[in-house]
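Model the placement of chain H on the given structure of chain C, informed by the hints.
2 protein chains.
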Amino acid sequence: MKEISGGVCAPKGFRAGGIWSGIKTGSRKRDLALIYSEKSCAAAAVFTTNRVKAACVLVSREHISGGKLRAVIANSGNANACTGEAGMAAARRMAELAADEFAISPKEVAVASTGVIGVPLPVAAIESGVSSLAASLRSDGAGHEAALEAIMTTDTRKKGGAVEVVLDGVPVRIGAMVKGSGMIHPSMATMLGFITTDAAISPAMLDAALRRAVRRSFNRVTVDGDTSTNDTVIIMANGEAGNSPLAGGGPLFETFVLALEDLCVSLARAMARDGEGATKLVTVTVGGAESEDAAETLAKSAASSSLVKAACFGADANWGRILCAMGYAGVPFDPEKTSIGFASAAGEISVFKDGAPVPFSEDLAKKILSEDEIEIRINAGSNKPGGSAVVWGCDLTYDYVKINGDYRS
Amino acid sequence: MKEISGGVCAPKGFRAGGIWSGIKTGSRKRDLALIYSEKSCAAAAVFTTNRVKAACVLVSREHISGGKLRAVIANSGNANACTGEAGMAAARRMAELAADEFAISPKEVAVASTGVIGVPLPVAAIESGVSSLAASLRSDGAGHEAALEAIMTTDTRKKGGAVEVVLDGVPVRIGAMVKGSGMIHPSMATMLGFITTDAAISPAMLDAALRRAVRRSFNRVTVDGDTSTNDTVIIMANGEAGNSPLAGGGPLFETFVLALEDLCVSLARAMARDGEGATKLVTVTVGGAESEDAAETLAKSAASSSLVKAACFGADANWGRILCAMGYAGVPFDPEKTSIGFASAAGEISVFKDGAPVPFSEDLAKKILSEDEIEIRINAGSNKPGGSAVVWGCDLTYDYVKINGDYRS
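Line by line, the protein sequences are chains C and H.
Taking the numbering used here, the leading residue of the first sequence gets 381, the next gets one more, and so forth.
Taking the numbering used here, the leading residue of the second sequence gets 381, the next gets one more, and so forth.
Since the hints were made in silico from the structure, they are not lab data.
Wrong hints could be hidden among the right ones.
Since copy identity is lost for identical chains, a pair holds within one copy or between any two.
Stated by the list, open to error - Straight-line alpha carbon distances no greater than 16 Å define the calculated EDC-like cross-link-like pairs of lysine to aspartate or glutamate that follow: (1) K419 with E481; (2) K746 with E728; (3) K433 with E716; (4) K782 with D548; (5) K433 with D714; (6) K433 with D673; (7) K733 with E544; (8) K717 with E670; (9) K764 with E670; (10) K717 with E465; (11) K733 with D714; (12) K733 with E465; (13) K419 with E620.
The structure displayed is predicted, hence computed values, not measured ones.
Same shape as in the complex, but just chain C (with noise of 0.2 Å):
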């Protein structure tokens, strides 16, 4: 497996593109997206848990029911949830402006949105700016740019990335952009991820795969805490690599899903390093739980506390609001047999270490957590094979509460 260029147009077959439509007011900058694909694609997708969920992912879910899309249009700047009857009037309209645009049918449409809740989504900047959408896709690596701009928020870096894996002597190509930065949970709060592949492969599979890949990558992302309306991570495979079909299990279909999930894995942990407000991407891994889930559950309780994170901002090893944090995460692992250390470029540390405080330089542990990417390294004592899991999150700091204490205006 090897990293290319091009994102989502990386795969055969896919075009991308973004421009200003004037659903983001306070600036010119790029607010509408596409990604379409010049052949029928198997699909699958995951959506956002919250009870609360946007009319932009009702529809989407409908839509992708058949396992079968063309396209993905997405809007930054308005979340097109809480809006009612009228939001889901608009999202249904949203699909089938870019489905005229190619002569689909709506169906063939998932839509995504972002941005502020509650706000009434202006359906007229979409119409008047389709067309030059339309017009402007491309299928090189700058199509794939302005279509992941045009899905930012507060992201202040852009996240995406492609990959190729050969299967069986031929070469297929993953391509991928998320957008995430604040919400983020891991239940993917306020993410949209969208994933392009030649493979070909059956929707099941594909479906498959995604949820494979996305809860080893995406669902271990935790910046906030907080699970979003909007989230939605839709993957398109239109077969153009020419690989014998993926249809069942089997050592190829593993190799995809690896692939897959490597490079969702380098997007979550993109996401994480761009937290709203964060400094430092903090990766906690857990080893010695008793099972992957509950070494999932401690690590993520570990990266959410919001004194964790402010320890973090403050390079302070403070390995007792870790434990802490373990110990009310609703697991059961032994305090007794527990250790801790931090680690990072500028080296490593033990702090505790079978249940007891293990005596450490407070220099170096200043040194190692003053990097901007730190780990958090926990082992919970069992022996229990595969109890181990890693998440990511970041720190917590001023710059966090000043984006949210006034993100509306």
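Chain H only, in chain C's frame:
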């Protein structure tokens, strides 16, 4: 029922005091508190639900198991948590030192600690200070104040009070002090609460009264979502008021519980108001939920959301974040029937009604939310009786990050 002065010394037969013993090394602020009853007391307590429990919690739980106490000794500046066998020995020694001063059994003494986790408790400081502490005890408000100061950490305000209620012609008093400002969550994290009463009441009924009062007060406070290793609320009742003993349910018991709950609620509000870095008390009231528990869960989810808290700091009427936080709370409710409003001394405003946004004056909303006590009013749309709850939280501010970015140094 009326408010009275004197705090934990208001009920007859209690003395209290606090000194600086040297546990806090950065300053000469009081760090060791003692509350003592001349007569044996019925006693009850609630402790942290964290799987990681401080040594003082384990020792106090053991001592209180018989339902009797004479004294509480508590220190700030060191949590005596995650300190292993040495920590257990230190907690036992602390009880013993207090017991020796009054020639009572160590089993009649509860211990409590708050402060930094994982550092050995400096028992020598307590050994050298306990005699002058015992000698300093007073039965008036000054004793209460000194003890209260000695249990404070990052608290910026003293939180104590007392009430008097007449039971069948006999005045009965209840006094209390609490500390807690950070690491506070619904399950009562890093809070210490000591309550005295001269009521005559059986240990079993005292336990029942305490649990009812705590449920609707301290367990409905949330500051940062963390649940500490040390939470402890202890009540001691010495019977000195001379009322006919409350040994079963009935109207007099109910009157007593309401007075206790009222006192606890006022201190719970004070804790939320004094949340680390908080500039505002945020009260979340939920009505129209499926049950009281469901209402509490919805209210806590809104009050705990970092995004909602940051919006309160910014005086931003961002109801979308509130609805979103309700959506991931994990209890059923109907967003289509939900209404949300804000209120404060500056007025009240409806922003979301029966599932749809209501046009509202941003200026008025800003004015309402700029007060230092604000209320978020939610109606979850159900007709079920009893589906309401009140939760107290605070805003998320720059200072929260500052305080917790470098607590240990």
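Please sort K419 with E481 into within, between, both or neither, judging by C-alpha distance up to 16 Å.
within (15 Å within a copy, 86 Å between copies)
When no copy is specified for K782 and D548, does a C-alpha distance of 16 Å or less occur within a copy, between copies, both, or neither?
Neither: 51 Å inside a chain and 55 Å across chains, both beyond 16 Å.
At most 16 Å between alpha carbons: which applies to K433 and D714, within, between, both or neither?
between (38 Å within a copy, 12 Å between copies)
With 16 Å as the alpha-carbon cut-off, assign the pair K419 and E620 to within, between, both or neither.
within (8 Å within a copy, 86 Å between copies)
When Cα atoms must be at most 16 Å apart, do K733 and E544 count as within-copy, between-copy, both, or neither?
Classified as neither; 42 Å inside a copy, 51 Å across copies.
Could you figure out if K717 and E465 sit no more than 16 Å apart (CA to CA) within one copy, between two copies, both or neither?
Classified as between; 14 Å across copies, 55 Å inside a copy.
When Cα atoms must be at most 16 Å apart, do K733 and E465 count as within-copy, between-copy, both, or neither?
between (57 Å within a copy, 15 Å between copies)
First find the shortest C-alpha distance between K433 and D673 inside one copy, then the shortest across copies, and answer within, between, both or neither for a cut-off of 16 Å.
For K433 and D673, the Cα distance exceeds 16 Å both inside one copy (26 Å) and across copies (23 Å).
For K733 vs D714, is the C-alpha pair at or below 16 Å within one copy, between two copies, both, or neither?
For K733 and D714, only the intra-copy Cα distance (12 Å) is at most 16 Å; the inter-copy one is 48 Å.
Regarding K717 and E670, is the shortest C-alpha distance of 16 Å or less found within a copy, between copies, in both, or in neither?
Answer is within; shortest intra-copy Cα gap is 13 Å, inter-copy 42 Å.
Tell me, please, which holds for K746 and E728 at an alpha-carbon limit of 16 Å: within, between, both or neither?
within (11 Å within a copy, 48 Å between copies)
Same-copy or cross-copy closeness of K433 to E716 [CA-CA at most 16 Å]:
between (43 Å within a copy, 11 Å between copies)
Consistency note: the structure conflicts with the earlier hints numbered 4, 6, 7.
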